[in-house]
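Colleague: Please build the complex by placing chain B on the supplied structure of chain A, with the hints as guidance.
Number of protein chains: 2
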Amino acid sequence: MNDRITPRRLKGFRDMLPEAMMPREHVIETAKAVYRSYGFSPIDTPALEFSEILLGKGGDESDKQLYRFEDAGGRDVALRFDLTVPLARFVAQHAGDLGMPFKRYHVGAVWRGERPQRGRYREFVQCDFDTIGTGSIAADIETGLVISDLLDALGFERFSIRINNRRVLAGLLDRLGLAASSVPVLRALDKLAKVGADAVRAELVETAGTTEAQADEIVGLGGLGDDVDTVLDGLGSLVVGSEIGERGRRELIAVVEGMQRTPAGGRLVVDVATARGLDYYTGTVYETYLDDLPGIGSICSGGRYDDLASLYTSQRLPGVGASLGVDRLLAAMEELGMTRAARTPAEVLVLMFGDERLADLVALADGLRRGGLAVELFPDARKLGNQLRYADRRGHRLAVIVGETEWEAGTAQIKDLATGESREVRRPELAAVCREALGR
Amino acid sequence: MNDRITPRRLKGFRDMLPEAMMPREHVIETAKAVYRSYGFSPIDTPALEFSEILLGKGGDESDKQLYRFEDAGGRDVALRFDLTVPLARFVAQHAGDLGMPFKRYHVGAVWRGERPQRGRYREFVQCDFDTIGTGSIAADIETGLVISDLLDALGFERFSIRINNRRVLAGLLDRLGLAASSVPVLRALDKLAKVGADAVRAELVETAGTTEAQADEIVGLGGLGDDVDTVLDGLGSLVVGSEIGERGRRELIAVVEGMQRTPAGGRLVVDVATARGLDYYTGTVYETYLDDLPGIGSICSGGRYDDLASLYTSQRLPGVGASLGVDRLLAAMEELGMTRAARTPAEVLVLMFGDERLADLVALADGLRRGGLAVELFPDARKLGNQLRYADRRGHRLAVIVGETEWEAGTAQIKDLATGESREVRRPELAAVCREALGR
Numbered sequence: 001m002n003d004r005i006t007p008r009r010l011k012g013f014r015d016m017l018p019e020a021m022m023p024r025e026h027v028i029e030t031a032k033a034v035y036r037s038y039g040f041s042p043i044d045t046p047a048l049e050f051s052e053i054l055l056g057k058g059g060d061e062s063d064k065q066l067y068r069f070e071d072a073g074g075r076d077v078a079l080r081f082d083l084t085v086p087l088a089r090f091v092a093q094h095a096g097d098l099g100m101p102f103k104r105y106h107v108g109a110v111w112r113g114e115r116p117q118r119g120r121y122r123e124f125v126q127c128d129f130d131t132i133g134t135g136s137i138a139a140d141i142e143t144g145l146v147i148s149d150l151l152d153a154l155g156f157e158r159f160s161i162r163i164n165n166r167r168v169l170a171g172l173l174d175r176l177g178l179a180a181s182s183v184p185v186l187r188a189l190d191k192l193a194k195v196g197a198d199a200v201r202a203e204l205v206e207t208a209g210t211t212e213a214q215a216d217e218i219v220g221l222g223g224l225g226d227d228v229d230t231v232l233d234g235l236g237s238l239v240v241g242s243e244i245g246e247r248g249r250r251e252l253i254a255v256v257e258g259m260q261r262t263p264a265g266g267r268l269v270v271d272v273a274t275a276r277g278l279d280y281y282t283g284t285v286y287e288t289y290l291d292d293l294p295g296i297g298s299i300c301s302g303g304r305y306d307d308l309a310s311l312y313t314s315q316r317l318p319g320v321g322a323s324l325g326v327d328r329l330l331a332a333m334e335e336l337g338m339t340r341a342a343r344t345p346a347e348v349l350v351l352m353f354g355d356e357r358l359a360d361l362v363a364l365a366d367g368l369r370r371g372g373l374a375v376e377l378f379p380d381a382r383k384l385g386n387q388l389r390y391a392d393r394r395g396h397r398l399a400v401i402v403g404e405t406e407w408e409a410g411t412a413q414i415k416d417l418a419t420g421e422s423r424e425v426r427r428p429e430l431a432a433v434c435r436e437a438l439g440r
Numbered sequence: 001m002n003d004r005i006t007p008r009r010l011k012g013f014r015d016m017l018p019e020a021m022m023p024r025e026h027v028i029e030t031a032k033a034v035y036r037s038y039g040f041s042p043i044d045t046p047a048l049e050f051s052e053i054l055l056g057k058g059g060d061e062s063d064k065q066l067y068r069f070e071d072a073g074g075r076d077v078a079l080r081f082d083l084t085v086p087l088a089r090f091v092a093q094h095a096g097d098l099g100m101p102f103k104r105y106h107v108g109a110v111w112r113g114e115r116p117q118r119g120r121y122r123e124f125v126q127c128d129f130d131t132i133g134t135g136s137i138a139a140d141i142e143t144g145l146v147i148s149d150l151l152d153a154l155g156f157e158r159f160s161i162r163i164n165n166r167r168v169l170a171g172l173l174d175r176l177g178l179a180a181s182s183v184p185v186l187r188a189l190d191k192l193a194k195v196g197a198d199a200v201r202a203e204l205v206e207t208a209g210t211t212e213a214q215a216d217e218i219v220g221l222g223g224l225g226d227d228v229d230t231v232l233d234g235l236g237s238l239v240v241g242s243e244i245g246e247r248g249r250r251e252l253i254a255v256v257e258g259m260q261r262t263p264a265g266g267r268l269v270v271d272v273a274t275a276r277g278l279d280y281y282t283g284t285v286y287e288t289y290l291d292d293l294p295g296i297g298s299i300c301s302g303g304r305y306d307d308l309a310s311l312y313t314s315q316r317l318p319g320v321g322a323s324l325g326v327d328r329l330l331a332a333m334e335e336l337g338m339t340r341a342a343r344t345p346a347e348v349l350v351l352m353f354g355d356e357r358l359a360d361l362v363a364l365a366d367g368l369r370r371g372g373l374a375v376e377l378f379p380d381a382r383k384l385g386n387q388l389r390y391a392d393r394r395g396h397r398l399a400v401i402v403g404e405t406e407w408e409a410g411t412a413q414i415k416d417l418a419t420g421e422s423r424e425v426r427r428p429e430l431a432a433v434c435r436e437a438l439g440r
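Chains A and B supply the protein sequences, listed in that same order. The opening residue of the first sequence carries number 1 in the numbering used here; numbering runs sequentially from there. The opening residue of the second sequence carries number 1 in the numbering used here; numbering runs sequentially from there.
Pulled out of the complex, with its shape left as it was, chain A reads as follows (with noise of 0.2 Å):
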């Protein structure tokens, strides 16, 4: 043919073979089992919205960003570049229906045009959620629970969900009569684990304009150490007097508190240097660092925010959430050895002999399924040697050879792909021998 299509992929998208695909699904499978167990609900949205909606709302940067044109019916239209905008706008319209609190989870995927770069897509997905309607600590508790138990879910064994109060940092900065230089100031400071005290130091006073003093007292932020108590009682000098210091003061003691009478307590780190970029926080922050892989940078961050959807209403809609980066995460578990290289779900492959006994192999991977076991039947009687290394690529763990010595004998064979030992066992207790060698 001579008219054949070139098979090609738009730079910057990504097809996702079934090694990535696995993980990939058991991630996202395991966030929405722990957001569902503290009430969370799904909810989506559509992939385009009016271009109106989405203009402007992430900054310039992200409106350069945008997927943007126009329909067939001449509406300017374009593809959602996060699922917090949607939100807004989703909550807006529906704010009737849905009541406050309004708990909230959203998997879905994002489009942005940004430049491709290792480890940048320009579709990638977000795993958020949120409460919203509510001022209670009791969300922001929560939240830092949610984090936890979904980290403890996926396997990770060391991690520090470090927390802080953007209004710790205000307070501060109120007292130092710095209010006017925040923007300036917190992008210095969230530097502060990355390039150190001298640096930061040096950007406060030649960037954001403060003095040598003030410089030296914000740095002082990231010397309060990780002692949960310490670093509260070290806090109470930094804001005294500043009304809105010690508000975030008492609200961070207070997600302390109740996080610290559950097993995410033992995960809390709070640290006051943590500033988190996005102007939208207004109270607590969170920031999730695996101990292990500390250069990755934080996998799951959010924060509290004063009002969600003043955009698109006059209802006033402060909400508190976090967001999972599902690819770091992924890249984090690749890198520690946490995800089994296999290309295939089924653990048991049953190999396939002629065409006489097909409805007989059928009934067996049937009979197998039924009994609690992931079974793939080989559909083409090619030589067992090519069956088996089909196998091996794609990760089976067990092979079960029934021949014709086999189905007069009433046996079948094991195959253990691993260790390459087989076995012959009575077909009635093929299941029960197949679940035992897989550790179940």
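Keep in mind the hints are simulated off the structure, nothing from the lab. Be a bit skeptical, because a hint or two may be false.
Stated by the list, open to error - Part of the chain B face toward chain A, derived, beta carbon under 7 Å:
(1) E52
(2) L55
(3) A139
(4) G241
(5) P379
Claimed, not checked - The list that follows gives simulated cross-link-like pairs (lysine to aspartate or glutamate, EDC-like), each with its CA atoms no further than 16 Å apart:
(6) A:K32 / B:D76
(7) B:K57 / A:D3
(8) B:K11 / A:D71
(9) A:K415 / A:E429
(10) B:K415 / B:D392
(11) B:K32 / A:E29
(12) A:K64 / B:D71
(13) B:K64 / B:D76
(14) B:K32 / A:E25
To be verified - Simulated coverage check for chain B against chain A, where a stretch passes if three residues somewhere in it have a Cβ under 8 Å from a Cβ of chain A:
(15) 12 to 23
(16) 37 to 50
(17) 100 to 110
(18) 285 to 291
(19) 307 to 317
(20) 338 to 349
We put the CB at the ideal spot given by N, CA and C, even for glycine.
Modeller: Frame of chain A, contents of chain B only:
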């Protein structure tokens, strides 16, 4: 604020509220679990493709419905309108990596700029599974088993899987000398269940240009009845002497024999009048009907095809698969009362009292979660009546009430929100009593 933006959504697109999204996630997760149990692996492909990949694959109608535009880099791109064309591109591009046979499932949104109408949307989810790279009838049998297991797992008790083989129809047309008119003939035949024998006979003669006698033989296909053995016998004389027809009959018999060895056999109907519109299919075809709602049409359809990716590769890739109609299935489940009207995944709502007990209630809710329950903690200390009304509206099943009296007595009140009955239990037994009240 004067420049507030009206929150609105594009026509033909949907917001999924929790009450719609919860059963949807259940259906999709159930489908994935069944697909996996047969060794189908998940994949994903980008929502956006080069337009040339998508154009001309689904016919003129589908080209006109494409969401097609020029991206910021001047590339001619479009949103995928199904998951089959991207699968073909994917398999052609990764064939070396994937190895054959390749069994994949793919759940994802697709976009078509159709005229919006009841039950038709411009964005909807497809939920497909396919076995590629084998002509073995084993894969045809398993396709039927997957459909059967899937509907079983969703709780359907009365449904039938109607199968046919395109080669049987080709053989009949061959024998009748109508091979050249197969498109209008099959189009007419496909309407048999809907419009009846007389109307189809008329269309065959008038539009497809058959003789009265030919029309009688074709319409006679529908008269073979529902008994599998009778149909297969009757078929013998219809296709006798046509090589392709006899091959089709042999394949049909093999699929029936395979399926009959499993519980899916009880769902099987051989319906030689099932043609399925798509030209694409060449062998076995599947349609699935709910006995209690035949009018909604087939909820899971598919078939065998000869060559998936001939537009992108010279490698011949036969395959077989089917697609679950998620929207149609959900409409049926709602109509049959199979979905619980709830807006929360949390069975239990723990009511909130004043701030002084906040950390205690956080710990109590956390303990219930660790006891295997999905638990929401109401965040604000509103009046109990308000909190209970919230629980009713949301669809929580139990409310847990621990006021100061209960704290001191070491107890908790459990209120069954369906019956309105309350009981007091000792707190260490709270999780166990809740589980019991929920029938677990």
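Colleague: Per the coverage rule (Cβ-Cβ under 8 Å, at least three residues), is the region 100 to 110 of chain B covered by chain A?
Modeller: holds (count 4)
Colleague: Can the hint on B:A139 be confirmed by a CB-to-CB distance to chain A that is less than 7 Å?
Modeller: 5 Å, holds
Colleague: Given B:E52 as an interface hint, is the shortest Cβ-Cβ distance to chain A below 7 Å?
Modeller: 6 Å, holds
Colleague: For B:K415 and B:D392, compute the direct alpha-carbon distance and say whether it is at most 16 Å.
Modeller: Given that 16 Å is the threshold and the Cα spacing comes to 11 Å, the pair holds.
Colleague: Regarding the pair B:K32 and A:E25, is the alpha-carbon distance no greater than 16 Å?
Modeller: Distance of about 10 Å is within 16 Å: holds.
Colleague: For the region 338 to 349 of chain B, count the residues whose Cβ lies under 8 Å from any Cβ of chain A; is that count three or more?
Modeller: holds (count 5)
Colleague: Quick check on B:L55 please, does its C-beta sit within 7 Å of some C-beta on chain A?
Modeller: Since chain A brings no Cβ nearer than about 9 Å to B:L55, farther than 7 Å, the hint is violated.
Colleague: Just to be careful: measuring from the Cβ of B:G241 to every Cβ in chain A, is the smallest value less than 7 Å?
Modeller: 24 Å, violated
Colleague: Do three or more residues from the region 12 to 23 of chain B put their C-beta atoms closer than 8 Å to C-beta atoms of chain A?
Modeller: Since 8 is at least three, the answer is holds.
Colleague: Check whether the Cα positions of B:K11 and A:D71 lie no farther apart than 16 Å.
Modeller: The given pair, whose Cα atoms are some 12 Å apart, holds under the 16 Å limit.
Colleague: Given the hint that B:K57 pairs with A:D3, does the C-alpha gap stay at or below 16 Å?
Modeller: With a Cα-Cα distance of about 13 Å, the restraint between B:K57 and A:D3 holds, given a limit of 16 Å.
Colleague: Hint check: A:K415 vs A:E429, CA-CA at most 16 Å. Holds or violated?
Modeller: 15 Å, holds
Figure legend: structure checked against the earlier numbered hints; hints not met, in rising order: 2, 4, 6, 18.
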